[in-house]
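Trainee: Chains as they are written, first to last, in our numbering: chain S, 1 to 241; chain X, 1 to 241; chain E, 1 to 241; chain H, 1 to 241.
These are calculated hints, taken from the structure and not from any lab test.
There may be inaccurate statements among the hints.
Which copy is meant is left open, so a pair is good if it fits within one copy or across any two.
Said to hold, decoys possible - Below, computed lysine-lysine pairings styled on DSS-like, alpha-carbon distance capped at 25 Å: (1) Lys14 to Lys39; (2) Lys87 to Lys105; (3) Lys240 to Lys125; (4) Lys105 to Lys14; (5) Lys105 to Lys240.
There are 4 protein chains.
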Amino acid sequence: MINVTVWNENQHEKTDERVRSVHPNGLHETLAAILRPEKDMNVRTATLDMPECGLTEDVLSSTDVLFWWGHIAHRQVPDEVVTRVQKAVLSGMGLVVLHSGHESKIFQRLMGTSCGLRWHELGEKERIFNIAPSHPVMQGIPPYFMLEAEEMYGERFDIPDPEKLLGLCWYPSGEVFRGICEFDRGLGRIIYVQPGHETLRSYENEYIRRILINAARYAARPQALQDTRVGSAFAEPLEKI
Amino acid sequence: MINVTVWNENQHEKTDERVRSVHPNGLHETLAAILRPEKDMNVRTATLDMPECGLTEDVLSSTDVLFWWGHIAHRQVPDEVVTRVQKAVLSGMGLVVLHSGHESKIFQRLMGTSCGLRWHELGEKERIFNIAPSHPVMQGIPPYFMLEAEEMYGERFDIPDPEKLLGLCWYPSGEVFRGICEFDRGLGRIIYVQPGHETLRSYENEYIRRILINAARYAARPQALQDTRVGSAFAEPLEKI
Amino acid sequence: MINVTVWNENQHEKTDERVRSVHPNGLHETLAAILRPEKDMNVRTATLDMPECGLTEDVLSSTDVLFWWGHIAHRQVPDEVVTRVQKAVLSGMGLVVLHSGHESKIFQRLMGTSCGLRWHELGEKERIFNIAPSHPVMQGIPPYFMLEAEEMYGERFDIPDPEKLLGLCWYPSGEVFRGICEFDRGLGRIIYVQPGHETLRSYENEYIRRILINAARYAARPQALQDTRVGSAFAEPLEKI
Amino acid sequence: MINVTVWNENQHEKTDERVRSVHPNGLHETLAAILRPEKDMNVRTATLDMPECGLTEDVLSSTDVLFWWGHIAHRQVPDEVVTRVQKAVLSGMGLVVLHSGHESKIFQRLMGTSCGLRWHELGEKERIFNIAPSHPVMQGIPPYFMLEAEEMYGERFDIPDPEKLLGLCWYPSGEVFRGICEFDRGLGRIIYVQPGHETLRSYENEYIRRILINAARYAARPQALQDTRVGSAFAEPLEKI
Chain S
1 MINVTVWNEN QHEKTDERVR SVHPNGLHET LAAILRPEKD MNVRTATLDM PECGLTEDVL
61 SSTDVLFWWG HIAHRQVPDE VVTRVQKAVL SGMGLVVLHS GHESKIFQRL MGTSCGLRWH
121 ELGEKERIFN IAPSHPVMQG IPPYFMLEAE EMYGERFDIP DPEKLLGLCW YPSGEVFRGI
181 CEFDRGLGRI IYVQPGHETL RSYENEYIRR ILINAARYAA RPQALQDTRV GSAFAEPLEK
241 I
Chain X
1 MINVTVWNEN QHEKTDERVR SVHPNGLHET LAAILRPEKD MNVRTATLDM PECGLTEDVL
61 SSTDVLFWWG HIAHRQVPDE VVTRVQKAVL SGMGLVVLHS GHESKIFQRL MGTSCGLRWH
121 ELGEKERIFN IAPSHPVMQG IPPYFMLEAE EMYGERFDIP DPEKLLGLCW YPSGEVFRGI
181 CEFDRGLGRI IYVQPGHETL RSYENEYIRR ILINAARYAA RPQALQDTRV GSAFAEPLEK
241 I
Chain E
1 MINVTVWNEN QHEKTDERVR SVHPNGLHET LAAILRPEKD MNVRTATLDM PECGLTEDVL
61 SSTDVLFWWG HIAHRQVPDE VVTRVQKAVL SGMGLVVLHS GHESKIFQRL MGTSCGLRWH
121 ELGEKERIFN IAPSHPVMQG IPPYFMLEAE EMYGERFDIP DPEKLLGLCW YPSGEVFRGI
181 CEFDRGLGRI IYVQPGHETL RSYENEYIRR ILINAARYAA RPQALQDTRV GSAFAEPLEK
241 I
Chain H
1 MINVTVWNEN QHEKTDERVR SVHPNGLHET LAAILRPEKD MNVRTATLDM PECGLTEDVL
61 SSTDVLFWWG HIAHRQVPDE VVTRVQKAVL SGMGLVVLHS GHESKIFQRL MGTSCGLRWH
121 ELGEKERIFN IAPSHPVMQG IPPYFMLEAE EMYGERFDIP DPEKLLGLCW YPSGEVFRGI
181 CEFDRGLGRI IYVQPGHETL RSYENEYIRR ILINAARYAA RPQALQDTRV GSAFAEPLEK
241 I
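If we strip away everything but chain S, and leave its shape as in the complex, we get (with noise of 0.2 Å):
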């Protein structure tokens, strides 16, 4: 079994009607409900409201792959949740990255960069493009597919190139954007998804909730890790000398 963990800061649902309507549950039951049908995955939530942000060692080590939504509130998870988040990755734990998370203090970590992009929000339609059709988190996606609307996230999108660039996306208003992108870090895989505005359904398209179980699949912890060492060691010589 699969362990996914998917975590949301659960703001823009207490205050805004609309966000309310889309996700009557909150966005994080929304993405819950895509996984938990998959025979293979135990499915969990956690939220920015519970003690430790919900992300206790615990609940990290039982976790092998942790899908985040944040917009707002990235400023209140505390460094310490993060650092345990991000050690956590290192270890092998998968990071499904959604939408606003770009900006998120787990993603800029693992990432180095900025993470910033150039945005607007038009309800314009999106095109994605599968760039990578044989990867994994691709299986079943045709080679583009249109979502109705979608918040523009454009280039240059400031991170660090992509260990796999999967998905391309293209906007009416005129820009493009690394939209799927696969990103390896220690021993855990990152996979950051463009779409997920708040206010809009994308997350009722059949291609991009295939892409969120394909993730899930592929970045969930390995089972047969030797070694998760993260940090230094002293080595022994493994030949005299």
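Assemble chains X, E and H onto chain S, guided by the hints.
Mentor: Same frame as chain S, now just chains X, E and H:
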């Protein structure tokens, strides 16, 4: 002219006679002396003991490439200095990280990983293979060359995949290491160079000297950057929709 | 089920008693015997002497991953067979290239480089470091392990930068090698694995066996490819302009 | 001095008045005229009609960087000429492949893939985003710029992952393209640049001109190569075993 700043924690030099004998004016002066004869370089130094570690906004904004040697005092570099250096790199300043700088706060910050490795110090020799002979940093470097004595740094080196792997190291004690690497972060280029243990004389080796000179030129802030944005920005639509 | 085809030039076996003693049924059968016990694999073999080298359109279209062992007879594989295999890889068939297959026509064709290296054969030992412990091909592999005797392959290995560097090799004669690598070409995945000299017993090593089994699963043609276009195509406009 | 050779198939120019009106002396002279004013460049041209396509051993060994424009006559370039150019690139000569050169034999040979793409020709505009502002090829290029009219080349572009993705293209017809890329093969650097349809005027654009000039300097054969081996070589042991 390329403005080079060589930073050294300058701690071993205060307490260890062996280090003083190899680096009578400090490791920063050993390194600066390699670069000063280059007619296109202005070289200055900075150390941990200086106010703000000698790395004020003024110094960084007038630095094209920063060399970094640190070891036992990594934790003494204040986080705000690290943040300042990180922002300078993302804005285009180059960074050359030397030897034990692999666990400096600034390198960890930019990599997002622990940057840990396996190590021992037996004074054994080290052979470096030139994996990328046409890369600017490896110009003038033979297919392989030998250092008489170095500290062993061995794999797995917990770094993200380098944007370019430049040199591989062999040690008689049975180890290998990705010892010369390029990383690109934001608008800045980062070169890591393994040799440089404080009691040894690798900086007298002609090829290591050549690599450091090449790295200074290659990583130096480009002169024709059109945009040095760090972080996100609202974007007016480029097309009518 | 994963349909595996193991290809072997099967030449040394005819003339060299030492090779026959290690591989009594040919190298192809040695390799096939590693994979056959896997319940999700259908394994067959093909050799140079068969019509069309045993690699007809029918065989390739029903192969999910092709293993390749060749050495002295690289030039005897007809160009049209090489072209056929290349097209199969670009359409999604996996390819696992073994040892001296580094200079096979098909590997050179897919890499675009000479794939040359430096070599000698002294029966020395070889240590392989696991650089990517969370990669599917390296599951179950310890941080490093030893082969009792192998042919030395050393750098510079004239390959394009691998999409993922998986294993690094150390030899007592003073050399290093990027010995386990992933390359992605078209829709196909290519894994190169250094060990496998014809007179030696590396294929009896449990970790090499594990790597070959893992590679078969990882490189196998994905089941949910939506588009296997090879070459260019006219595109009707997706938007009115 | 950088020795530049501009190669053009020079076929459209013979039969198509529109092409002659845009390139009165042939596309090779249009391109050469961009580079000739640079004081560090010696520029000559070669075309398909010349003996050995104008690409003799003498020409190639005295060329530091080769520009390539071809389209309808790709199949007329003899394989032995392609092999000669490939070997020159692997030995350190740079190659700048323009527009429809994506399906030239030499580009396919060096990439190992079909280099296919999706296309149409509607005279629509094209916007190019600078993804790597600090890369030498992108010096002086703004965050994005517009071409008035180009042929559309769209994804999936069947290339190996570029060593560096430099520019992304947006088209109003709903497409995106990885239009400026660096590939490293052997000791040579290869830059692909999308614009340059034969009936259009992209080579009059100041930023495209700047990119071509930058590419000539960046891809030019390095002056300090220590070893230009192509292929394998026996290696005497570096250490006693």
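Trainee: Now tell me, hint by hint, if it's right for this structure.
Mentor: Checked hints:
no. : hint             : in the structure
1   : Lys14 to Lys39   : neither (32 Å within a copy, 52 Å between copies)
2   : Lys87 to Lys105  : both (14 Å within a copy, 15 Å between copies)
3   : Lys240 to Lys125 : between (64 Å within a copy, 13 Å between copies)
4   : Lys105 to Lys14  : within (22 Å within a copy, 38 Å between copies)
5   : Lys105 to Lys240 : neither (46 Å within a copy, 34 Å between copies)
Hints 1, 5 from the earlier list are contradicted by this structure; the remaining hints agree with it.
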